Amino acid sequence: MIRRELAPRADWQARVERAGLAYHSDGKPPSEGGGLYWHEGACWELTSAEVDLLDDATADLHQRCLEAVDHVVNREPALLREAFSFPDWFGAAVSESWRRDDPALMGRMDLAFDDTTGTVSLLEYNADTATLAIETAVAQWYWLQDQAPEADQFNSLHEKLLARFASLKGFMGGSGLHFAAYAGAAEEWLHATYFRDLAEQAGIPTRQLDLGEIGWDGTALHDNEGGRIRFLHKLYPWEWAIGDEFGRALAGDAAGVLEPPWKALLSDKAILPVLHRLFPEHPHILPARMGRHGGGAGAWVEKPCLGREGANVAIRRDGRVLEESGGAYAGEAARWVTQATARLPARDGWNAVIGSWVVGDETAGIVFREARELIMRDGSRVVPHLFR
Amino acid sequence: MRRTAAIRLTLLSAASLALVSCGEDATESDTMFAHEAACMAAYGDDGRRACAEAFSSARADHQVTAPRFPTQSTCETETGGSCEMAGKPGAPSYAIPVLAGVLIGRALAGGGGRAVMPLYAGGAPMTPGCAPGSMAPECRQSSNTSSSSSSSGGRGAHWHYAGNHVGSTAGAAGDRRSFTASPTGTQAMTRMASTPTVSRGGLGAAGRSFSSVSS
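Read top to bottom, the protein sequences are chains X and P.
In terms of the working numbering, the first sequence opens at residue 1 and continues consecutively.
In terms of the working numbering, the second sequence opens at residue 389 and continues consecutively.
Check each hint, because a few of them may be wrong.
[What the hints assert, rightly or not] Partial selection, computed: residues in chain X whose CB lies under 7 Å from chain P: (1) Pro87; (2) Trp89; (3) Ile214.
[Unchecked claim] Output of the computed footprint for chain P on chain X, the stretches with three or more beta carbons under 8 Å from beta carbons of chain P: (4) 11-21; (5) 58-67; (6) 241-247; (7) 257-266.
[To be verified] Across the chosen pairs, the derived CB separations fall in these ranges: (8) Pro283/X <-> Arg396/P: 35 to 41 Å; (9) Ala297/X <-> Ala393/P: 26 to 32 Å; (10) Pro149/X <-> Thr585/P: 22 to 28 Å.
Source of the hints: derived by calculation from the structure; they are not laboratory data.
Keep in mind that this is a model prediction, so the values were computed, not measured.
Just so you know, even glycine gets a beta-carbon here, dropped at the ideal spot from N, CA and C.
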């Protein structure tokens with residue numbers, strides 16, 4: 001794997017905006033070395049053997065994750081309350097959703113790929129409200145067409161999502177699918193728009209609305225035009241929904257929801273210790289346990305079970321903090337996991353984490369993020385890749 | 389090959405361009421376009437595809453989201469504009485207003501996101517600020533009492549509405565006009581069937597103290 005610096009396309013802003021990426025610079029002007037979210041001044045180049053390795057690891061990890069969900073629901077349901085802190089009604093909804101085999105749409109694993117040893121390790125699984133889909137499926141795809149059309153890219157995300165929506169249509173009996181997100185958040189609203197675009201192309205009638213516009217009459221969910229919501233895609237995590245007034249309504253039988261409630265088990269980092277306990281020798285699963293490690297020996301990462309965008313993470317070696325991030329997820333009620341450290345690929349002082357997509361149960365490609373730091377934050381660069 | 393063979397986008401690029409194309413006219417008010425040519429004239433070559441997509445998206449939305457009325461005459465009375473029958477092919481069962489263009493641009497009141505919406509032409513709302521046929525109590529009463537005195541196309545055809553928004557375009561002319569949404573245009577549009585009491589705002593509260601939903 002190599003990292004190349006190359007000239008961005010002259011009109012790259014207009015090009016990625018046309019590809020749906022209106023938030024490429026997070027409101028900041030492009031500048032050397034930072035202030036930029038989409039960054040095509042560099043790219044990562046893999047070999048096809050490395051792509052095979054990442055592809056196989058992702059497929060395998062996804063299966064292990066499904067086994068872990070099944071374990072929690074059917075063999076160790078006490079964990080629903082003890083490890084995941086679900087209220088009992090939501091634990092029941094999660095279990096019911098899993099046993100009913102509620103279909104899922106997608107998820108993104110964050111992987112550490114130590115290319116010096118060929119080791120792929122799962123850092124976490126964003127299985128409920130994964131973004132970076134526009135960046136992966138559309139922006140870097142167009143970038144490849146313009147910059148290296150003779151090369152290939154591990155990126156079938158758009159195609160796989162389109163096929164998945166076509167398959168989900170079969171579950172919906174002709175009903176439409178509503179897409180709810182925060183209308184004021186460009187990244188989230190545009191992601192909902194992208195998914196809606198795909199669903200429409202798959203023949204599903206859609207509507208898009210702000211989360212706050214969703215109505216509830218005691219038995220049914222309603223949109224903002226007086227229509228029933230029978231199927232809902234929500235870009236809003238389950239752990240927040242269950243704290244909201246309509247949380248029970250959303251988890252109940254009034255509507256089919258993407259992602260389904262059972263995904264709440266995978267997007268919670270409390271799944272990491274479960275995975276380690278079930279598959280202790282697995283080559284892609286890092287040692288992990290509940291709680292914070294504090295000053296003990298060894299190299300460990302502490303993260304909140306429900307943190308986002310790299311917030312409130314601490315990396316320690318023998319008790320000494322090597323790197324840590326702030327954030328809003330370390331409140332009194334926060335639960336923590338401690339995970340063994342994994343080596344990230346580093347070139348020219350840039351560390352990379354690979355986001356690897358799963359659509360339905362199939363792998364669908366990758367996207368790179370890079371930062372000077374080891375902890376990727378919400379502002380960390382998104383960088384395209386190719387392979388030869 | 390392990391990459392997607394071809395990508396076609398319609399809603400996404402239109403929505404994205406609407407978010408970034410904060411031209412001189414897009415900040416203060418929405419802009420309505422009677423037809424694609426007027427849209428392309430305004431946004432130039434860069435906007436050619438987005439305009440086509442905006443119109444295509446609005447035409448599709450129109451079929452699903454247009455306010456529905458039980459009969460053509462009720463529809464024309466309530467909207468003050470032209471209406472047509474719609475529904476299943478061969479068995480039209482309700483009336484909807486005729487599509488008059490698209491509304492594009494500025495963040496719409498309440499929603500926050502920039503939008504492309506089907507646009508309808510009609511007369512002045514029977515109650516100021518009320519979208520035609522609104523079921524909101526302050527709108528419904530007035531509508532009921534005055535409906536018998538209205539006729540199709542009356543009340544001056546210088547008003548437009550889109551979604552829950554009503555705007556006056558009296559005095560303006562041309563295929564491209566600005567549209568200033570009524571500040572009170574937040575009532576739900578009427579539908580044929582009455583709905584039970586629906587409460588809203590029960591989702592999204594828990595996340596508002598955090599900066600990001602996504603991961």
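Quiz item: Of the numbered hints stated previously, which ones are contradicted by the structure, given in increasing order?
Solution: When the structure is compared with the hints, numbers 1, 2, 5, 7, 9, 10 turn out to be violated.
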